[in-house]
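Peer 1: Below are the chains, spelled out letter by letter.
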Amino acid sequence: MTTEQWIELFRAIGLDDKMMNKWHEEFEKKYPQEHQRFLEWLNVPSEKINRIRQKASA
Amino acid sequence: MLIVGRVNMYTISEVAKRFQISRSTLLYYESIGLLVSSSRTPSNYRLYSEEDVQHMEQINMYRQSGMALKEIRKLLTSNQQAFVSLLEKQLQNLNKEIQKLRYQQQVIINLLRNNSKLTETRVMDKKTWIALLEATGLDDEAKGKWHRQFEKMAPEAHQDFLESLGISPQEIEQIRKWSTENDIKENLEDR
Numbered sequence: 001m002t003t004e005q006w007i008e009l010f011r012a013i014g015l016d017d018k019m020m021n022k023w024h025e026e027f028e029k030k031y032p033q034e035h036q037r038f039l040e041w042l043n044v045p046s047e048k049i050n051r052i053r054q055k056a057s058a
Numbered sequence: 001m002l003i004v005g006r007v008n009m010y011t012i013s014e015v016a017k018r019f020q021i022s023r024s025t026l027l028y029y030e031s032i033g034l035l036v037s038s039s040r041t042p043s044n045y046r047l048y049s050e051e052d053v054q055h056m057e058q059i060n061m062y063r064q065s066g067m068a069l070k071e072i073r074k075l076l077t078s079n080q081q082a083f084v085s086l087l088e089k090q091l092q093n094l095n096k097e098i099q100k101l102r103y104q105q106q107v108i109i110n111l112l113r114n115n116s117k118l119t120e121t122r123v124m125d126k127k128t129w130i131a132l133l134e135a136t137g138l139d140d141e142a143k144g145k146w147h148r149q150f151e152k153m154a155p156e157a158h159q160d161f162l163e164s165l166g167i168s169p170q171e172i173e174q175i176r177k178w179s180t181e182n183d184i185k186e187n188l189e190d191r
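Line by line, the protein sequences give chains A and B.
The first sequence maps to residues 1 to 58 in the working numbering.
The second sequence maps to residues 1 to 191 in the working numbering.
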């Protein structure tokens with residue numbers, strides 16, 4: 001599973017960029033640890049993970 | 001230690017012991033001209049002077065930098081400029097070696113990461129995952145479509161992901177079967 005596939009999957013079910021941002025925000029707010037582990041599972045580089053999580057909690 | 005005249009002299013065993021190397025290493029150093037004992041006893045045993053020992057100390061120090069004996073021999077007779085350039089070369093070699101090791105480390109990390117099932121890390125459970133999807137604004141129809149797309153796109157990752165949510169094997173089988181069948185149905189209806 002790659003990040004691109006995951007995004008494709010979300011787009012296929014009708015999630016737009018705004019909803020995906022919301023998804024990250026919810027994920028970060030409710031389950032920060034799980035958010036981290038999920039992004040690791042997608043092999044997202046650690047620097048990018050930090051950026052995503054920062055953006056989501058801003 | 002022998003005292004010959006006023007000069008301290010050391011036997012090969014004493015030098016070997018002092019630097020924690022074998023006698024044969026010292027003999028080898030002599031054979032390649034790296035360290036030659038400056039004198040012999042009347043019965044032809046090697047004797048190392050204080051100066052020889054200092055020489056050995058230098059060799060020992062350079063050995064600790066990981067340099068080859070050939071390079072060390074050059075170092076011992078080099079001028080300042082050559083000395084610096086030899087050491088810089090070794091530093092470069094070490095940097096390359098470290099880079100290679102870092103790369104190997106990364107390859108292993110990636111292999112382990114890909115290999116370890118999400119199950120082992122247990123991202124979250126089914127309930128929290130659904131709550132998250134709903135908070136994002138997904139309805140039941142979207143959730144169904146998500147399974148179908150997931151199954152179509154990456155069946156193994158789908159399995160892996162469902163396992164990570166702690167869903168039972170039977171339910172996973174049902175979900176995946178449902179996903180495949182409904183995807184076919186949908187495609188037929190589209191025609």
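Each hint should be verified, as a subset may be incorrect.
Claimed, not checked - Straight-line distance between alpha carbons at most 20 Å, and here's what the computed EDC-like set of lysine to aspartate or glutamate pairs gives: (1) A:K22 / B:D140; (2) B:K126 / B:E171; (3) B:K127 / A:E4; (4) B:K126 / A:E25; (5) A:K22 / B:D52; (6) A:K30 / B:E171; (7) A:K18 / B:E134; (8) A:K29 / B:D125; (9) B:K126 / A:D17; (10) B:K126 / A:E4; (11) B:K126 / A:E34; (12) B:K74 / A:E28; (13) B:K143 / A:E40; (14) B:K152 / A:E26; (15) B:K17 / B:E71; (16) B:K145 / A:E40; (17) A:K18 / B:D139; (18) B:K152 / A:E28; (19) B:K127 / A:E28; (20) B:K145 / B:E134; (21) B:K145 / A:E28; (22) A:K29 / B:E171; (23) B:K143 / A:D17; (24) B:K127 / A:E25; (25) B:K143 / A:E8; (26) B:K126 / A:E28; (27) A:K22 / B:E134; (28) B:K145 / A:E34.
What the hints assert, rightly or not - Taking CB as the label site, the calculated pair distances span: (29) A:S46 / B:L76: 37 to 47 Å; (30) A:S57 / B:K100: 30 to 40 Å; (31) A:P45 / B:V36: 32 to 42 Å; (32) B:Q170 / A:S57: 30 to 40 Å; (33) B:Q20 / A:K55: 31 to 41 Å; (34) A:E8 / B:F83: 57 to 67 Å; (35) A:K30 / B:R102: 16 to 26 Å; (36) B:D183 / A:K48: 25 to 35 Å.
Note that these hints are calculated values from the structure, not bench results.
Here a beta-carbon is modelled for each residue, glycine too, at the ideal position from N, C-alpha and C.
Peer 1: What hint numbers does the structure not satisfy?
Peer 2: Numbers 3, 5, 6, 9, 10, 12, 13, 14, 15, 16, 18, 21, 22, 28, 31, 33 and 35 - these are the hints that the structure violates, sorted from lowest upward.
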